[in-house]
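*Asks:* Chain by chain, the residues:
There are 2 protein chains.
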Amino acid sequence: MNPDTPLYEGKAKTVFRTENPDELKVIFRNDMTAFNGVKHDLFENKGRFNATASEFFMRLLEKDGVATHFISRPEPDVMIVRRLDMIPLEVIVRNVAAGSMVKKYPVQEGTILNPPVVATDYKDDERGDPMINDDLIIALNILNMAELTSVKKQALRVNEILRAFFDEYGITLVDFKLEFGKSGGEIILGDEISMDSMRLWDKKTGESFDKDVYRFDKGDVMTAYRQVLERIIPKFGE
Amino acid sequence: MNPDTPLYEGKAKTVFRTENPDELKVIFRNDMTAFNGVKHDLFENKGRFNATASEFFMRLLEKDGVATHFISRPEPDVMIVRRLDMIPLEVIVRNVAAGSMVKKYPVQEGTILNPPVVATDYKDDERGDPMINDDLIIALNILNMAELTSVKKQALRVNEILRAFFDEYGITLVDFKLEFGKSGGEIILGDEISMDSMRLWDKKTGESFDKDVYRFDKGDVMTAYRQVLERIIPKFGE
Chain A
7 MNPDTPLYEG
17 KAKTVFRTEN
27 PDELKVIFRN
37 DMTAFNGVKH
47 DLFENKGRFN
57 ATASEFFMRL
67 LEKDGVATHF
77 ISRPEPDVMI
87 VRRLDMIPLE
97 VIVRNVAAGS
107 MVKKYPVQEG
117 TILNPPVVAT
127 DYKDDERGDP
137 MINDDLIIAL
147 NILNMAELTS
157 VKKQALRVNE
167 ILRAFFDEYG
177 ITLVDFKLEF
187 GKSGGEIILG
197 DEISMDSMRL
207 WDKKTGESFD
217 KDVYRFDKGD
227 VMTAYRQVLE
237 RIIPKFGE
Chain B
7 MNPDTPLYEG
17 KAKTVFRTEN
27 PDELKVIFRN
37 DMTAFNGVKH
47 DLFENKGRFN
57 ATASEFFMRL
67 LEKDGVATHF
77 ISRPEPDVMI
87 VRRLDMIPLE
97 VIVRNVAAGS
107 MVKKYPVQEG
117 TILNPPVVAT
127 DYKDDERGDP
137 MINDDLIIAL
147 NILNMAELTS
157 VKKQALRVNE
167 ILRAFFDEYG
177 ITLVDFKLEF
187 GKSGGEIILG
197 DEISMDSMRL
207 WDKKTGESFD
217 KDVYRFDKGD
227 VMTAYRQVLE
237 RIIPKFGE
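In order, the protein sequence lines correspond to chains A and B.
The numbering of the first sequence is my numbering, which starts it at 7 and goes up by one.
The numbering of the second sequence is my numbering, which starts it at 7 and goes up by one.
Some hints here could point you the wrong way.
Put simply, identical chains are the same to the list, so a pair is met inside one copy or across any two.
[What the hints assert, rightly or not] In silico BS3-like links for lysine-lysine, alpha-carbon gap of 27 Å or less: (1) K17 with K109; (2) K188 with K45; (3) K188 with K110; (4) K159 with K241; (5) K69 with K224; (6) K183 with K110; (7) K210 with K158; (8) K241 with K210; (9) K110 with K241; (10) K17 with K158; (11) K109 with K45.
These are computed hints drawn from the structure, not numbers from a lab.
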C-alpha cells in the first residue's frame, strides 16, 4: 500500500503507517469541528497547538507512571506514536458539571463533582457516539472486566495528575475525554490530550480556554488555546 | 385536597391517595402508548390484564423474598399499594439483545447476554429518559452507593425468579423494566410488572407476547397479552 495513504482519517487528525510496523505517524490538522461534525472550520496553528499540548501532557503523565502512546514529535504538528489496538470508547472524566451532563440531567453547570464522575461513550460516529455502561461494555466484548477496571483506574489517575497540574496554573480542569488502546496485553493511553479534548476554565474569571470558545462562539479560539500553552509551558511562543 | 384528584397521572396508570396515608390506589388504564407517547391507543381489557399480571408477578416475587409495594387488587384494574418515595430510575435487565440495545449498539437481535445486562435510564419524559450510569446516579444524589447496590441486586434477583418462571411456560424473558421506591430506609419494588414492561418471546416460534406487538404492528396486541395470562395463570379467563 502507498505509504501516503492514511490508515485512518479522523475529524482533526490523520494517521499514517511508518516504516516501523509498531509505530504510527499522527498529523494534527488545523480542522476544528463541533457537534459531531456539523460545525467545521480551519484555524492556523491549531494542529501544532494541540500536538504541543499532547506531547506536554503525555510526557507529564509518563513521568508519573501512566503509559501513553507518545514516542516523539519530529515536527510541530506531527507525532510518532506506538501503534495500539484502539478501544472504541470515549472515556470522560468530570470534576465539574458542564457540557452534555448539564444538558442531559438536572444539574447546574459548575456543580463540583466529588468524587469525579467517569462516563463512557461508544465511539461510533454513525450512531452518534451513544453512552454505554459497564455491563454493556462487557456484554459487547469491548473489554473484559479486568481491562475495564484498568481503563477506569488509569482515567482517574490521569485526572489526579492533570487536575493538580492545572490547579497550580490557575485553571480548573472541568472535564476531559481520553481514548485507550491495547498493546501486548497492556492498556495504554492513546489519542490526544489537548484543548480539543479538555474543558478548562480560568479559576478567577471563569473564562473558557477550550473548544467551547469555538462551539459557542465565545471569542477567538486560537487566542484561548495559545493562552493555555503560554501559561503552562515556559517560553512557549518566544 | 379532593380525594378524586390524581396524585400522579402516568401514560398508562393513574395514582390516587387513599384514606390511609401509607397506601395509594393505582388505576391501570386502557391507554397504550409507545415511542415516548407518540403512538397512543385505547384497548379494552388492557388495564385489567396488566393489573392481573402485576399482582401475579409481585406475589410470586414476595414469595421469594423480594419486597414489593403490592397490597391488594380490589377490582380487576385497581391495585392498592404501599406508598413509596419513588426513585426516578428505570432499571432495565436484559437476558437477550433486543429493542433499544440493538438500535444503539452493534449487536444482533437475539444475542444471549450472559451474565445479564443491567442498565439505567433517568426517568424524565421531557429529557427523553436519558441513559445514566452508576457514577452519575451517585453524583446527582439519586441514590447513595449502598442503595444503588441494593437496587441492582434486587433487579438481578427479580430477573432470576421471573426468567426461571417463564422458562417453565415456554417463554423467554428477553428484557424488562423495573422501578423502585424507598420506604423507611428500605428499597422496595414499585410500579408494575406486566406485558407493557417486559419483552417476552415464545421459545418455539419467537412470537412476541408484549408491547412490541403494538409498537411494530405485529398483530392483535390484546390477544398477545391474553395468551401470556392464559399460559401462566390456571383458569384465567374461564
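*Asks:* Hint by hint, which ones does the structure fall short of?
*Replies:* Violated hints (numbers, rising): 2, 4, 5, 7 and 9; every other hint is consistent with the structure.
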